Amino acid sequence: MIDVWILGGYLGAGKTTTLNALLQSEPLASASPALIINEFGKIGVDGALVERRDLIRFEINKGSLFCICTKTDFLKALSEIVASGKHKAVLIEATGIAEPVDIENFLTEGPHAGHFRMRGNLCIVDAMNFTQIAAYLKPATSQVRWADAIVINKCDLVESQHLHTLRDVLRQINPTAPMMETSFGKIDAPFLNAVIHRSRSENLVPCAPEQIFAVSFSTNEVVNETQFSAVLRRMDRSILRLKGNVAFDSGSAFVEVVCGKVSKKAPVAAISTQNYAATAFTVIAWNTDKQALLEQIESSWNQAITQA
Amino acid sequence: MTGKERVIKAIRCQETDRIPWVPFVGCHAGSLIKVSAEDYLKSADLMVKGLAEAVKRYKPDGLPVAFDLQIEAEALGCQVAWAKENPPAVIHHPLCNGTKLEDLNVPGPDAARIAVVLNAARRLRKAHPEIALYGLITGPFTLALHLLGTDIFMKMFDQADYVHRLMRFCNDVCKAMAGYYIDAGCDIVAMVDPMTSQIGSDQFVQFVSPYATELFTHIRKRGALSSFFVCGHAQQNIAVMCQCKCDNISIDENIPLEYVRQECGKHGLSFGGNLQLTSVLLLGGPVDSQKNAIACMELGGNKGFILAPGCDLPYATPPANLEAIAAIVLDPYQRDIAKNMACETTDQERLDMNEYGQADKIIVDIITLDSEACAPCQYMVDAVKRITPEFEGIVEWREHKIKYRESLVFMTSLMVRNVPTICIDGEIVFVSRIPPKDELIAAIQKRINEKFRLRIQQKKARLYVLGLDCDKTKELKANLKQAVTELGVDVDIQSVKNEETIHSYGLTTKQLPAVVMARFQVKSIRQVPQVVVIKEWLKDL
Numbered sequence: 001m002i003d004v005w006i007l008g009g010y011l012g013a014g015k016t017t018t019l020n021a022l023l024q025s026e027p028l029a030s031a032s033p034a035l036i037i038n039e040f041g042k043i044g045v046d047g048a049l050v051e052r053r054d055l056i057r058f059e060i061n062k063g064s065l066f067c068i069c070t071k072t073d074f075l076k077a078l079s080e081i082v083a084s085g086k087h088k089a090v091l092i093e094a095t096g097i098a099e100p101v102d103i104e105n106f107l108t109e110g111p112h113a114g115h116f117r118m119r120g121n122l123c124i125v126d127a128m129n130f131t132q133i134a135a136y137l138k139p140a141t142s143q144v145r146w147a148d149a150i151v152i153n154k155c156d157l158v159e160s161q162h163l164h165t166l167r168d169v170l171r172q173i174n175p176t177a178p179m180m181e182t183s184f185g186k187i188d189a190p191f192l193n194a195v196i197h198r199s200r201s202e203n204l205v206p207c208a209p210e211q212i213f214a215v216s217f218s219t220n221e222v223v224n225e226t227q228f229s230a231v232l233r234r235m236d237r238s239i240l241r242l243k244g245n246v247a248f249d250s251g252s253a254f255v256e257v258v259c260g261k262v263s264k265k266a267p268v269a270a271i272s273t274q275n276y277a278a279t280a281f282t283v284i285a286w287n288t289d290k291q292a293l294l295e296q297i298e299s300s301w302n303q304a305i306t307q308a
Numbered sequence: 001m002t003g004k005e006r007v008i009k010a011i012r013c014q015e016t017d018r019i020p021w022v023p024f025v026g027c028h029a030g031s032l033i034k035v036s037a038e039d040y041l042k043s044a045d046l047m048v049k050g051l052a053e054a055v056k057r058y059k060p061d062g063l064p065v066a067f068d069l070q071i072e073a074e075a076l077g078c079q080v081a082w083a084k085e086n087p088p089a090v091i092h093h094p095l096c097n098g099t100k101l102e103d104l105n106v107p108g109p110d111a112a113r114i115a116v117v118l119n120a121a122r123r124l125r126k127a128h129p130e131i132a133l134y135g136l137i138t139g140p141f142t143l144a145l146h147l148l149g150t151d152i153f154m155k156m157f158d159q160a161d162y163v164h165r166l167m168r169f170c171n172d173v174c175k176a177m178a179g180y181y182i183d184a185g186c187d188i189v190a191m192v193d194p195m196t197s198q199i200g201s202d203q204f205v206q207f208v209s210p211y212a213t214e215l216f217t218h219i220r221k222r223g224a225l226s227s228f229f230v231c232g233h234a235q236q237n238i239a240v241m242c243q244c245k246c247d248n249i250s251i252d253e254n255i256p257l258e259y260v261r262q263e264c265g266k267h268g269l270s271f272g273g274n275l276q277l278t279s280v281l282l283l284g285g286p287v288d289s290q291k292n293a294i295a296c297m298e299l300g301g302n303k304g305f306i307l308a309p310g311c312d313l314p315y316a317t318p319p320a321n322l323e324a325i326a327a328i329v330l331d332p333y334q335r336d337i338a339k340n341m342a343c344e345t346t347d348q349e350r351l352d353m354n355e356y357g358q359a360d361k362i363i364v365d366i367i368t369l370d371s372e373a374c375a376p377c378q379y380m381v382d383a384v385k386r387i388t389p390e391f392e393g394i395v396e397w398r399e400h401k402i403k404y405r406e407s408l409v410f411m412t413s414l415m416v417r418n419v420p421t422i423c424i425d426g427e428i429v430f431v432s433r434i435p436p437k438d439e440l441i442a443a444i445q446k447r448i449n450e451k452f453r454l455r456i457q458q459k460k461a462r463l464y465v466l467g468l469d470c471d472k473t474k475e476l477k478a479n480l481k482q483a484v485t486e487l488g489v490d491v492d493i494q495s496v497k498n499e500e501t502i503h504s505y506g507l508t509t510k511q512l513p514a515v516v517m518a519r520f521q522v523k524s525i526r527q528v529p530q531v532v533v534i535k536e537w538l539k540d541l
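Protein chains in written order, with my numbering: chain A, 1 to 308; chain B, 1 to 541.
This is chain A alone, in the form it adopts within the complex (with noise of 0.2 Å):
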C-alpha cells in the first residue's frame, strides 16, 4: 500500500512552505514520495519553490481544471505511480479550489483500489484571511470540514482576538482535528506524525455546519451611527468582517471590522459610484441568522427615518 498525504489550503496560506518541512521530515522523507502538484497559473505550488529536486512529479494542469475533467489525469497519475513500484508515498497538493472529497473518492475507485491508502488530510489556514476567503469560495470551508490536522499559519500578523475567533469558526466546521498554531510554515514533526486519518462517516458533523455567509448593503438614507454601533456591539459574536462606505448622520467614512475591531477613514468614492449609494458595505458573518442579521443592521438607518 502506498500512503497518501494531501495538502491542502488557499494560495497564499504558507503551503510551499509547509510541503518542503513534509518532505523534509519522516515519514516522507525516506518513502521516495511522489509528487502530484496543480501547476495552474497562480493557484498551486509553485513547483520552482519545491526545495527537492531529486522527486518524481506529476503536474496536474488542464485547461479545465475546476472540472471533472481533471480526473482523467489525476488517474492516470496515480497508475504510473502504481506500475513504477519505487514510491511508498504520494503527496498531493490540493489547491484551494479542489474538493477534498473528490481527491479521496479517485484513490478508492476503480482500478487503483486497494493500492493507495490514505494517511493523512492537512489543511493549512491562513489566520488573516480565511473568515474572508471561507464567505466566498465553498471548497475552503470543505477543506477544513476534511481535514484530519489542521495548521493556522501566519498567525504572527494577527490579533489575538481575532485568532480567537478563528479558533471557533474552525472548530465548528471541524470539531474533531487536532489544530496547530504557527507563523511561517513551520510545524512541528511530532504534530505530522501523530495525524491520524479519520475515515469520512467518522467526521460526519451531527448537522450541517454554521454557514459562514456575506450579506451586501446599499441605500440612500441617512444611518444613525449611535444606532449603528450599538448593532455592531450587539452582534460581535457574529460579525466576522465588514467593509464599505457608511454615510452617517455625522459624516460619511469608510468603515472597516475585523473581529470586533473597528476602523473609520475618508469613504471611498468607487464604492458608492458603483452601487449608486451613498451607503454600501458588505458584511460576513456566521452564528446567526441572515434575516436576523438584515433586520439588525437596517434598522440603523429605518430607525433613522422613524425619529427624522
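Be aware that a few hints might be false.
[As the list claims (entries may be wrong)] Listed below are the simulated EDC-like cross-link pairs for lysine to aspartate or glutamate, each with C-alpha atoms no more than 16 Å apart in a straight line:
no., chain 1, residue 1, chain 2, residue 2
1, A, Lys76, B, Glu323
2, B, Lys155, A, Glu256
3, A, Lys138, B, Asp110
4, B, Lys56, B, Asp288
[Stated by the list, open to error] Restraint-style ranges between C-beta atoms, simulated for each label pair:
no., chain 1, residue 1, chain 2, residue 2, range
5, B, Asp103, A, Leu157, 43 to 51 Å
6, B, Asp110, A, Ser84, 41 to 49 Å
7, A, Lys290, B, Lys361, 52 to 60 Å
What the hints contain is simulated information worked out from the structure, not anything from laboratory work.
Values in this document were obtained by computation on a predicted structure and should not be read as measured data.
C-beta: ideal position from N, C-alpha, C; glycine also.
Could you slot chain B onto chain A? The hints should help.
For chain B alone, coordinates are given in the frame of chain A:
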C-alpha cells in the same frame, strides 16, 4: 425530423420523436483522426475533419464546434500551456501581473484562435445542415478567473466594485462571442461557466446573475437558443441559474439529474446531461455506457431532455462506448436488448436478502449518492445519526454510496429505486424524503415492536402440567390456558399423569400439582452441525 429540429424542439420543451443525443466532442475528435489536442484545437481544417468523423461514427443530433474554455482568455493575453491530450491550460493571469482592466479590449472575430473556431463553425454549418451546432463560449465568471486568477475570491469582499467591472467586461466578451457564433451559423450558444460551482448562491446572485441574465436575453434577441453549462458541485446554484432566463441547463454527474429536472420544470426550462465521463465513458465498456445512458434517458424523459455527457469528452474516450450509446438512442429495440442485458447482470449479482433484518439489532441502511457530495443525502445520513444515541446498542446504521459497485448491488437487492432512501431491516421506509426526528424514531420503534412480537411468537414452548385429576390441577390448567391465550404465544399444554414420568422430572407425587416448561430453540437449519458445535449448545443447558 432532423437532428437539428430535434434538439431545437427539445430545448424549447416541445415533444420530439426521440431523445436527442449531443456528445460533447471537443479535442476527442483529434483522437478520431490521430492528431494531438494541440494540433486539433489550432486548426479549422482538423476540426472540420474530426467532427465529420464524429458525425459518421456517433450519429449525433447536435455537436459543439469546439470545447475549449481558453479561447477567449488566450485572445485576451492569458498565456496558455498546451498538452497532447487536453485542451490548453491558462498559466498566466494578466490582471495580477501588471495589466490593467482598462487596457483590455473585447476581441474581434479575427483575434487569435477565435478566427479558427469561427472558420470551422461556418464550414461545419455548410457540411452538416441537419445537425444542431453549439457555439461554446467561456462564461463570464470563469473568464474573470482566467484573467485575474483566484485573487477574485478575495476581491469579492475587498473590492466588490472592481469584480463587478471585471464581470461587466467579461460579459461584453461573452456577448461578442455569442454574436460571432450566431453569425457563423450556430443554433445554440452554450455559456460554460464551471467556476461558478465554487461559489454559493448568494454570491452567484450578486456577481453572476445580472450578467448571465443580460447575456441570455441578448442571445434570445439575436434569435438563437441558449444553454447554461455548469460542472462540478454546483447543486446549490441550480435554482438561481434557472432564473437567469436561459433556455436550457446542462450539468455533469456531480448533480443528480432528477434534481435538475425538478428545478428546470418549475421554470419551464429544458435540461441535459449527465453521462459519467471518467468512470463510465472513459474507463468503462460499451455495456456500461449503454446502461448509464438508459438510466439518464429514463430520468430525463421524452420532453425537454438532451442526452449528453457532463462535460468535454476525454481525448482517449473509446469510440466504441459512444457508438454503443448512439445505437440505443437511435433504435428502441437495441435499447430494450441493452436494458434486459443490464437487468441480467444485476440479477446475477443480486444478493440473497431473505435472511436480512433477522438479526437481534435493527439495521438502518441509508442508500445515497454520496453524503459528502449530495446535500439531501448528507441530511438524510445526519437525520439517522442524530437519533441513533437514543437506541444505543439496539440500532446500527450504515451508508451505502451507490457510486461504489457493491452498494449498487445492495440497492438493487433491496429493490430500492431512488436515492436517498432509508431502509429499516431491509424494508424501504423513507424515499427521497428526510424524515423528521419523531417520525424516524417512530418508524424504528415500530420495527422494534414487530421484532419483539416476532421473537415472542418464535419462542415456541410446551407446558407440562404434572398432576392427577384433582381440582387444584384443573384450576392450574385453566390459569395456564388463560395466560397463553391472553399473550397469544405459541405454547401448548400437556398433562402428565404417569407417575414414572413425573419422577423423571425429579418430582414426587407429594409435590403435585407442578408445571414444567420446555422451551424450543431452533439451533440449526439445512446443515449438519459438527459434534463440537452441538457440545457448545449443550453446555448452555
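The hints, checked one at a time:
Simply put, A/Lys76 and B/Glu323 have alpha-carbon atoms about 24 Å apart, too far for the 16 Å limit, and the pair is violated. With a C-alpha separation of about 15 Å, the suggested pair B/Lys155 and A/Glu256 falls inside the 16 Å cut-off, and the hint holds. Restraint check: the Cα-Cα separation between A/Lys138 and B/Asp110 comes to about 37 Å, which exceeds 16 Å; the hinted pair is violated. As the CA atoms of B/Lys56 and B/Asp288 are separated by approximately 22 Å, the hinted pair breaks the 16 Å bound.
Hint check: B/Asp103 to A/Leu157, Cβ distance near 33 Å, so the stated range 43 to 51 Å is violated. Checked against the given bound of 41 to 49 Å, the beta carbons of B/Asp110 and A/Ser84, roughly 47 Å apart, stay inside it. At about 41 Å, the CB distance of A/Lys290 to B/Lys361 disagrees with the hint of 52 to 60 Å.
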